[in-house]
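Protein chains in written order, with our numbering: chain A, 322 to 649; chain B, 1154 to 1337; chain C, 67 to 367.
In short, the hints are calculated from the structure, not lab data.
Please note that the accuracy of each hint is not assured.
As the list claims (entries may be wrong) - Straight-line distance between alpha carbons at most 20 angstroms, and here's what the computed EDC-like set of lysine to aspartate or glutamate pairs gives:
(1) A:K458 with A:D352
(2) A:K367 with B:E1299
(3) A:K367 with A:E324
(4) A:K367 with B:E1206
(5) C:K85 with C:D95
(6) A:K367 with B:D1203
(7) A:K612 with A:E585
(8) C:K197 with A:E427
(9) C:K302 with C:D329
(10) C:K197 with A:D352
(11) C:K302 with A:E395
(12) C:K197 with C:D224
(13) C:K302 with C:E226
(14) A:K612 with A:E324
(15) C:K85 with C:E226
(16) A:K382 with A:E395
(17) A:K458 with A:E543
(18) C:K85 with C:D329
No experiment lies behind these values; they were computed from the predicted model shown.
Residues per chain, in single letters:
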Amino acid sequence: MVELVCPAGSPAMLRAAVEAGADSVYCGLRDATNARNFPGLNFSPKELAESVEWAHARGAKVLVAVNTFARPGEIQLWRDAVDVVADCGAYAMICADLAVLAYARERHPGLRLHLSVQAAAGTPEALAFYAREYGVKRVVLPRVLTVEEIRGLADGAPVETEAFVYGGLCVMAEGRCALSSYAAGRSPNVAGVCSPPEAVTFSEEGGVLTTRLGGFALDRFEDGARAGYPTLCKGRFRAADELAYLFEDPVSLNAMGLLAGLREAGVTAVKVEGRQRGKAYVARVAGAFRKALDALERGEDAAPYERLLTDLAEGGRETTGAYKRGWR
Amino acid sequence: MPSNPRGWRRSGPSAGPAPNPLPRLLAPLAAPAEIVLSHAARRLARRRPDVFERLGEARTAVFLIVPDESPFAFRLEPDGPRARVLILPRERTGLCTTRIAGRLADLLALFDGSLDADAAFFARRVRVEGDTAALTALHNALEAAELELVDLAPLPEALRRPALAAWRTLKRVHAAVRPAAGAV
Amino acid sequence: MSRISLALGPLLFHWPADKAADFYAAVADEAPVERVYLGEAVCGRRLPRMRKTFEAAAERLARAGKEVVWTSLPMPATPGERRVQEGVLRNGDSLVEINDVSALMQMTPDRPFVAGPLLNIYNEAAAAELKARGCVRLCGNVELSLEALGAIHRGCPDLEIELFAFGRLPLALAGRCHHARLHNLHKDSCQFVCERDTDGLAVDTLEGRPFLALNGVQVMSHGVQLAAPPVEDFRKAGIVALRLSPQDLDMAEVARGFRDYCDGRLEGAALRARLEALNPPGEFVDGYPRGLAGWRSGAET
C-alpha cells in the first residue's frame, strides 16, 4: 500500500489533510530551518507537539522538515530544531544538510531520518552513502528523474523511496539552485525561500501587469491574462532573439496518471507539494489521490480521478514533468 | 499612528500620516463603522493571539483594502491590541504597506476562504501592489486561523444594531454618491 | 604572510577540441597559476569528446610544473556517466575534485579530495563531515559570503578554503538541457549546440536587462564575478587560493592581474580596469562575497 504524504502549512491544514485521507503529513517550524520559510506559515513548537498528538491518535504520521542548510556560525538554530523534532514525537525528520544529519545521528540516534529532495540524491551511490553514514531510512527523489530511473533506484535500494506526484514543479536540481539568491539575495538552500516575497513586486500599467524579482522583470501579463507568482525559473526571457519561457512553462506537476507505474517501480510513498497552498487545496488533492490510490489497491484504474484537480494548477495547466523521458 | 520599528516600506499617492479626511458630511457616519471594526480587530487579537503571532513583523504593516465599487477604502493596521480600521476616501488613503483591490464580494470571499487567494490573484480578480511579504503573512495567518466573517464582528447584542445601522447608512450614502456603482 | 595561490577552475563551457588544446598550452606556458582543475564538471555527454584533449593537456601542464586536479560531474545521470565518474575518481595519482554526493561513496580518509563549489556545503559542521572523510580543500559554494567562509574556516581550521574569484557564476543545474531546447533539440540528440557559445548564451529579461547565461544543462550568471576586496579580507576569511574560472578571453592575463593584486602590486580598481580591458562577456559582479544578491556590484555608485 503506497503511503500518501501531504503538506501542512498550519495546524488547520494538517487536520484538513488527515481528514481528507493523507497517511502522513509533513510540516516545518516557523524559521529558516525549512524550505518553505514564508511569513505567517508553519508551526510553533507547541503547535507541532499538539498536531503530532492529534495526528497519531488518528493513525497518521507527522514528518518534520529541517531541510535547509545551516548558516555558518549559526548552526545552533538547526540543532535546536532537531531537538524540537526529537522531543515532539514526530515519526521522522526530513533533512538534507550533513551538519543536521550528523547532529541527529549523534544526539538522537533513535530519530528516524528521511532525506529531503534538497539533498539531490539521485544515484544508487548517493542513496547508499546516506544510508551507510547516517542511517537514513527514506529518500525523497529529485523531480528530474524518469519513472524508469526511479524503478532503477528503488529496486534493491537500501532505503525506502518517496516521489513527488503533485504540485509546484522545481525545474532545477533542488537544493543546488542559486538563481533566487543571484537575483534577490535569498535561496531555498539557506534561507528556505525561493523567489522571496519581499523581493517580489507587481506593477500594473495600462492593464499590463509586470512581475519582478529583485528588480529583474520575470513576466508580463496583458489585460486579464492569467498571471503567476514570479518564480524565477518560470519566467519569460530573451535569448538568441527569442522571448520565451526558457526553463519551464508555469505549469504544475500532476503525475496521477503515473501512479500505477510508480507503484510498480517500488516507491514507498508519494508526495504532494504545497505547504503554502492552504486547507482547501490539500483537502482536494489529498481526497483525489486517496481515491486514486484506493482504486489501484482494488485493482482498478486511477484515471477517473485525474481530472478532479486540473483547475488547481498554476497557469491553469499541468504536466507529468520529468517522469516521462520526452521531457528532456 | 502605530509605531513602525521595522521600517516597513510605505507607498501611496499622498505622503504623510493618514488623517481622517472624509468630507464633513460623511465623517459622523463612517466613525461608528470604524469603531466597530477596530473593536472587532482588537477583540480578535485578544481571543486569537496565535493569529497575531503568525503575522510576525507584518503586525506593524498597513494594509489598504480597496473595493472596486466603493468610493471608500479600508485601512487596516493589525497591530494587536492597538489594531484599528480606518475608512477613508480612496483618493486620500495615505501611505500603506500593501494595497489590495478587487470587487467587494471577492474581497469578502477571500477573507472567509471561500475564494482561493492564489486562484483569485492569478486570475487577476484581486490586484495587489506593494509589499508582498506583508500580504503573504496576512494571507497565511488568516488561512491558518479558520476565521469566518462572524469572527470579525462578534459583537454583543447592544452594539450589533448600531453597527448594522451604520453599515446600512454607509451603503445608502455610497449609493447616493455613486448611483451607477452597482450592488455592493 | 603566506602567499595566496591561484587555481584555474575547470573549463565549464564546451569548447571545440583544438580551441581547448590551445588554451591549455597557453596556460601551461604563461599563466602564473599553481593548480589547474581539468575535466568535465557540467554535462556527461561532453566527456567522450573531450577526454583525449584533457589528457594531453594534463601532460602539458604537469611538464610546466602545474598541479593537475581532475574534476568530476555534478549530476551523473546515466549508468555510463556513473561508470566514467568512478574511473575519474579512482585516479590514484592526483587529487580529485568531487561535485556530487554520490562520489563520497568512493572516498576514503586516506584518499584526499577537493570539495567543489557545486556541493551543498554551507557551514563548518558539514565541512567537518567531509574533512573526516578525506577532504583537504573546499571551494566554497558561490552563495557563501567572505564572512561565511571565515566562519567555516574558524570552525574547521585545517581545511583549505578556495574562493571562486573570477568568472561567470554556476547557479543551477537541470535534468533537461535548456540550451538544446532553445534550438528545438532534445538533450539526448543535442548536436552539442552548447559548443557555439564559448562563454555561454546570454539571457536577458523581457525588458532587455542582462540577467543569466545558458551553458548546456547549467544556468550561469550573466555577470562575471570579480572578487577583489582588500587582500587582507581574503586572509581573514581563511582563503588560501583563488579560483579563476575560464572565460573566452586572455586567462593568463587574468591570472597575472590577480597575482599582482594578491602580492600588493595592484589596487582593486586597477585590477578591475585591467580585466575590463580584456572584454569580459558581462558586467563585473561581487554581490555574493559581500553577502548580497549575486548580481550586485561594489562598483555601483
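Evaluated hints:
1. A hinted pair counts as satisfied when its Cα atoms are at most 20 angstroms apart, and A:K458 with A:D352 does not qualify at roughly 25 angstroms.
2. A hinted pair counts as satisfied when its Cα atoms are at most 20 angstroms apart, and A:K367 with B:E1299 qualifies at roughly 18 angstroms.
3. Simply put, A:K367 and A:E324 have alpha-carbon atoms about 27 angstroms apart, too far for the 20 angstroms limit, and the pair is violated.
4. Our distance criterion of 20 angstroms between C-alpha atoms is met by A:K367 and B:E1206, whose separation comes to about 13 angstroms.
5. About 16 angstroms separates the Cα atoms of C:K85 and C:D95, which keeps this hinted pair within 20 angstroms; it holds.
6. With a C-alpha separation of about 11 angstroms, the suggested pair A:K367 and B:D1203 falls inside the 20 angstroms cut-off, and the hint holds.
7. Of the supplied pair hints, the one linking A:K612 and A:E585 holds, its CA atoms being roughly 18 angstroms apart against a limit of 20 angstroms.
8. The straight-line distance between the Cα atoms of C:K197 and A:E427 is roughly 17 angstroms, inside the 20 angstroms bound, and the hint therefore holds.
9. Our distance criterion of 20 angstroms between C-alpha atoms is met by C:K302 and C:D329, whose separation comes to about 16 angstroms.
10. Between C:K197 and A:D352 the alpha-carbon distance is near 29 angstroms, which puts this suggested pair outside the 20 angstroms criterion.
11. For the hint linking C:K302 to A:E395, the alpha-carbon distance of about 19 angstroms falls within 20 angstroms, and the restraint holds.
12. Among the hinted pairs, C:K197 with C:D224 is consistent with the structure: their alpha-carbon atoms are about 9 angstroms apart, no more than 20 angstroms.
13. With a CA separation close to 13 angstroms, the supplied pair C:K302 and C:E226 stays within the 20 angstroms bound.
14. For the hint linking A:K612 to A:E324, the alpha-carbon distance of about 13 angstroms falls within 20 angstroms, and the restraint holds.
15. Straight-line distance between C-alpha atoms of C:K85 and C:E226 comes to about 32 angstroms, which puts the hinted pair past the 20 angstroms bound.
16. A distance of roughly 30 angstroms separates the Cα atoms of A:K382 and A:E395; the hinted pair therefore is violated under the 20 angstroms criterion.
17. Restraint check: the Cα-Cα separation between A:K458 and A:E543 comes to about 48 angstroms, which exceeds 20 angstroms; the hinted pair is violated.
18. Among the hinted pairs, C:K85 with C:D329 is inconsistent with the structure: their alpha-carbon atoms are about 31 angstroms apart, more than 20 angstroms.
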